Amino acid sequence: KAGVTQTPRYLIKTRGQQVTLSCSPISGHRSVSWYQQTPGQGLQFLFEYFSETQRNKGNFPGRFSGRQFSNSRSEMNVSTLELGDSALYLCASQSAGGSDLGEQFFGPGTRLTVL
Amino acid sequence: GQQVMQIPQYQHVQEGEDFTTYCNSSTTLSNIQWYKQRPGGHPVFLIQLVKSGEVKKQKRLTFQFGEAKKNSSLHITATQTTDVGTYFCAGKEYSSASKIIFGSGTRLSIRP
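As you go down the protein sequences, you meet chains A and B in turn.
For the numbering used here, add 180 to where a residue sits in the first sequence, where the first one is 1.
For the numbering used here, add 2 to where a residue sits in the second sequence, where the first one is 1.
It should be emphasised that the hints constitute simulated quantities derived from the structure, not laboratory data.
Some hints could be false.
[To be verified] Here are some of the chain A residues that sit facing chain B, going by a computed Cβ distance under 8 Å:
no.: 1; residue: 222
no.: 2; residue: 223
no.: 3; residue: 225
no.: 4; residue: 228
no.: 5; residue: 236
no.: 6; residue: 270
no.: 7; residue: 284
no.: 8; residue: 286
no.: 9; residue: 287
no.: 10; residue: 288
no.: 11; residue: 289
[What the hints assert, rightly or not] Label pairs and their in silico Cβ distance ranges:
no.: 12; chain 1: A; residue 1: 183; chain 2: B; residue 2: 62; range: 18 to 28 Å
no.: 13; chain 1: B; residue 1: 84; chain 2: A; residue 2: 183; range: 14 to 24 Å
no.: 14; chain 1: A; residue 1: 197; chain 2: B; residue 2: 40; range: 25 to 35 Å
Bear in mind the structure is a predicted one, so any value in this text is a computation, not a measurement.
C-beta atoms are modelled at their ideal positions from N, C-alpha and C, and glycine is treated no differently.
Please put together the full structure from these sequences, using the hints given.
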């Protein structure tokens with residue numbers, strides 16, 4: 181079974197621009213969660229999507245948004261980029277998600293640098 | 003809101019020494035998971051604990067979930083250089099749709 185894939189792997193943007201990151205979960209997994217990882221803040225939960233619906237949301241500003249498609253692939257978008265948005269963005273897929281227990285499978289991440 | 007604290011932040015040990023990282027939640031958890039992230043890599047699931055007082059072992063790794071389901075620990079016996087990385091705990095509250103909160107992680111480095 182193929183693992184979680186994320187594209188692009190690396191991205192350089194300038195302040196004020198917007199960016200869209202993509203995540204393809206493991207086949208059959210319906211839950212996709214997004215995390216922001218920075219050296220100072222660790223892994224911060226952004227949001228979780230399950231069956232095309234946002235089930236949970238972390239404490240991030242409205243500039244951060246996401247969506248999930250019928251094939252479970254997910255995208256996250258960050259508008260009006262700020263320097264502090266530079267981070268590794270990780271996507272994790274889970275077979276069920278929400279209140280269900282289960283292992284999260286992480287993708288390799290997208291390294292975003294904002295100049 | 004729910005907070006998950008993890009200590010220590012860093013641990014530098016001699017190869018062969020033991021290592022322990024502790025995780026404490028401000029609220030009762032339905033379950034706790036542990037992940038390992040190698041340098042330059044992504045988090046990889048190690049284990050999930052669900053029951054109060056649960057203890058699970060994986061070779062040299064021992065995981066415990068506290069009786070009150072608010073704390074957990076990971077203990078590595080006789081560390082090896084392959085154990086290098088950052089260990090994260092991740093807890094989930096009792097809720098119909100609660101999110102998983104990650105601890106800040108403990109970075110383990112080892113002197114050969």
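Status of each hint after checking the structure:
1. Hint on residue 222 of chain A holds. Least Cβ distance to chain B is approximately 4 Å, under the 8 Å limit.
2. The interface hint given for residue 223 of chain A holds, since its Cβ lies 4 Å from the closest Cβ of chain B, which is under the 8 Å cut-off.
3. A least Cβ separation of about 5 Å between residue 225 of chain A and chain B falls short of the 8 Å threshold, and the interface hint therefore holds.
4. A distance limit of 8 Å between C-beta atoms decides the matter here; for residue 228 of chain A the minimum to chain B is near 6 Å, and the interface restraint holds.
5. This hint holds: residue 236 of chain A has a C-beta 4 Å from the nearest C-beta of chain B, less than the 8 Å allowed.
6. A least Cβ separation of about 6 Å between residue 270 of chain A and chain B falls short of the 8 Å threshold, and the interface hint therefore holds.
7. Interface restraint check for residue 284 of chain A: the shortest CB-CB distance to chain B comes to about 6 Å, inside 8 Å, so the restraint holds.
8. Nearest Cβ of chain B to the Cβ of residue 286 of chain A: about 4 Å, under the 8 Å cut. The hint holds.
9. Here the hint on residue 287 of chain A is kept, as its CB sits about 7 Å from the closest CB of chain B, short of 8 Å.
10. Satisfaction of the interface hint for residue 288 of chain A is found here, the shortest Cβ-Cβ separation to chain B being roughly 6 Å, below the 8 Å cut-off.
11. The interface hint given for residue 289 of chain A holds, since its Cβ lies 6 Å from the closest Cβ of chain B, which is under the 8 Å cut-off.
12. Separated by about 26 Å at the C-beta atoms, residue 183 of chain A and residue 62 of chain B satisfy the suggested range of 18 to 28 Å.
13. Between residue 84 of chain B and residue 183 of chain A the C-beta distance comes to about 21 Å, which sits within the given range of 14 to 24 Å.
14. At about 31 Å, the beta-carbon gap between residue 197 of chain A and residue 40 of chain B stays in the expected band of 25 to 35 Å.
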